[in-house]
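Here's the letter readout for the chains.
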Amino acid sequence: MTAVSVEGLTKIFNQGRSDEVLALSDVDLTVGDGEFVSLIGPSGCGKSTLLRLIADLIEPTTGSVTVAGKPAAQARRDQEYGIAFQQAGLFEWRTVCRNVELPLELRGVSKAERRSKAEQMLELVGLADFAGHYPGQLSGGMQQRVAIARALAVQPPLLLMDEPFGALDEMTRERLQSELLGICATTGSSVVFVTHSISEAVFLSDRVVVMSARPGRITASIEVKLPSRDEVGRQAPVYFEKITEVRQALRS
Amino acid sequence: MRRVLPPVIFGVMALVLWEVFVTLGRVAPFILPAPSAIGAQILEQRGNIWDAALASGTNALVGLIGGTLLAVLAALAASRSRLLGEVSIPFAAVINALPIIALAPILNNMFESTSSLPRRLVTGIVVFFPVFLNLLRGLREVNPVHQELMRTYAASGWTFAAKVRLPGALPHLFTGLRQASSLAVIAAVVAEYFGGLQDGLGARITSAAAFTAYPRAWAFVAGACLLGLTFYLVTLLLERVAMPWKQRLLS
Ligand SMILES: Nc1ncnc2c1ncn2[C@@H]1O[C@H](COP(=O)(O)OP(=O)(O)O)[C@@H](O)[C@H]1O
Ligand SMILES: [Mg+2]
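One line per chain: the protein sequences are E and V, in this order. At position 188 of the first sequence (counting the first as 1) the number is 188 in our numbering, and the numbers step up by one without a gap. In our numbering, each residue carries its 1-based index in the second sequence increased by 1000.
Treat the hints as calculated values from the structure; they're not laboratory data. All values reported here derive from a predicted model rather than from experimental measurement. Using N, Cα and C, we set each Cβ at its ideal position, and we do this for glycine too. Please note that the accuracy of each hint is not assured.
What the hints assert, rightly or not - Calculated lysine to any residue pairs in the SDA-like style (CA-CA distance at most 20 Å, straight line):
#1 LYS70(E) to GLY126(E)
#2 LYS225(E) to GLY188(E)
#3 LYS1163(V) to ARG107(E)
#4 LYS1246(V) to SER139(E)
#5 LYS117(E) to LEU106(E)
#6 LYS1163(V) to LYS70(E)
#7 LYS1246(V) to GLU92(E)
#8 LYS1163(V) to ASN1143(V)
#9 LYS1246(V) to GLY140(E)
#10 LYS1246(V) to GLN137(E)
#11 LYS1246(V) to ARG94(E)
#12 LYS225(E) to PHE240(E)
#13 LYS70(E) to SER139(E)
#14 LYS70(E) to THR2(E)
#15 LYS117(E) to THR186(E)
#16 LYS70(E) to ASN1143(V)
#17 LYS1163(V) to GLU105(E)
#18 LYS1163(V) to ARG98(E)
As the list claims (entries may be wrong) - Here's a subset of chain E near chain V, in silico, CB distances under 8 Å, partners left out:
#19 ARG77
#20 GLN79
#21 ILE83
#22 PHE91
#23 TRP93
#24 PRO103
#25 ARG173
#26 CYS184
With the hints as constraints, model all of the structure from the sequences given.
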């Protein structure tokens, strides 16, 4: 089964008005089960729009989105995916632990069960000691990790991430990249990951999907097979070859 | 200690200066009585001040709670409907600009002279607007990321209001309540100036002034100050209890 299947997707914002924008034009995309796919492209090429369409946060103008074999709206109602944005978007009036619990709470999971689940997720992102803190007491990087823990809490078969590490410093970013890969390896989740960093896309992905702007469309899809996803992988010749390949695809 | 000491020292110095100014300058007591004279009256009248403060305080509290409850319901309704929200804000602003206290004599005539209801009504109306306007602003300022997240959790409108809108608007609610708590005491006391039941601080102030007992009038004014301060401080305390996440940031 495929995690995500997008066919003939077109999105026009403000259709019929003077400020009409053709954000996406005739996009096809398939994400296999357990596959890690990055979307990369110049800003304004429709990466976030594509992700929001998959998440059923906005409606397509034409075309169809299927997630876990269901129409996108049904998949959203069934919470088939977890999502993380560039801003952590934590609820500042809830403790770290209760933030992670929220999606479980809304699913009607019992109190004891969601507490243990949340603690497990916080353990995973290395924040077990901060369960009782409020988001305002954490650094930006820690908040982002809480947001990722929250996205993972329902153990969704699919993770959607929109530049989740965009606002972080290089050190934190690299550590979180490794953490994310580790988590996906354990949970077997499929991932659609939006980024504007070429090296990040190549390091994380099984496949890098390159997009171009005006109108937004997919121009290339580059398979990446690194020998390993660690420091050795970052030094491998393939890594640099793929970076060059993606860069060229972005230029043309 | 550091935060308490400077205002206390300042207050004591101001009282001493006031005493010296009134004594040396031979200021007539109907213009400004000396703090020692007022202090003596506070001691002498403490039982009356307490009773009067209790009467005015009850009116202020009932008005504050009633006005706040109505304001919260109205703001929730106005935040759910775009049209209602857009109509209600200018409407509320205009009514808020009217001297609502001036309604007191009219309301007094509508009820029996032994009823506390007119004061409570005036207080309730005065309290309504700051709470309504502030809370409505808060309810409308929802972080777009929160909105999208709740959508991905397939949360209903009611869940969204209870888990995101209301807690997110708490800081705004308390901004309104802080204004309203002081206003409530002012409204409850001043509403007594227009006749009706003679049991509160406002009635005591007017009657003392009518008998040219100025230090006594000032003693009851001091009582009104303390009452207002109490309301304000209790609101601050509630705010801290209701929003522990703000508290943790400061310490
Ligand atoms: N809600 C919206 N209303 C109107 N135009 C939008 C909206 N969201 C995005 N757009 C437009 O769609 C295009 C793609 O935006 P976006 O998907 O955010 O790009 P990216 O994430 O790749 O930077 C941009 O031109 C943007 O201005
Ligand atoms: Mg974007």
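### Task
Compare the structure with the hints numbered earlier in the document and write down the numbers of the violated ones, lowest to highest.
1, 6, 13, 16, 25, 26
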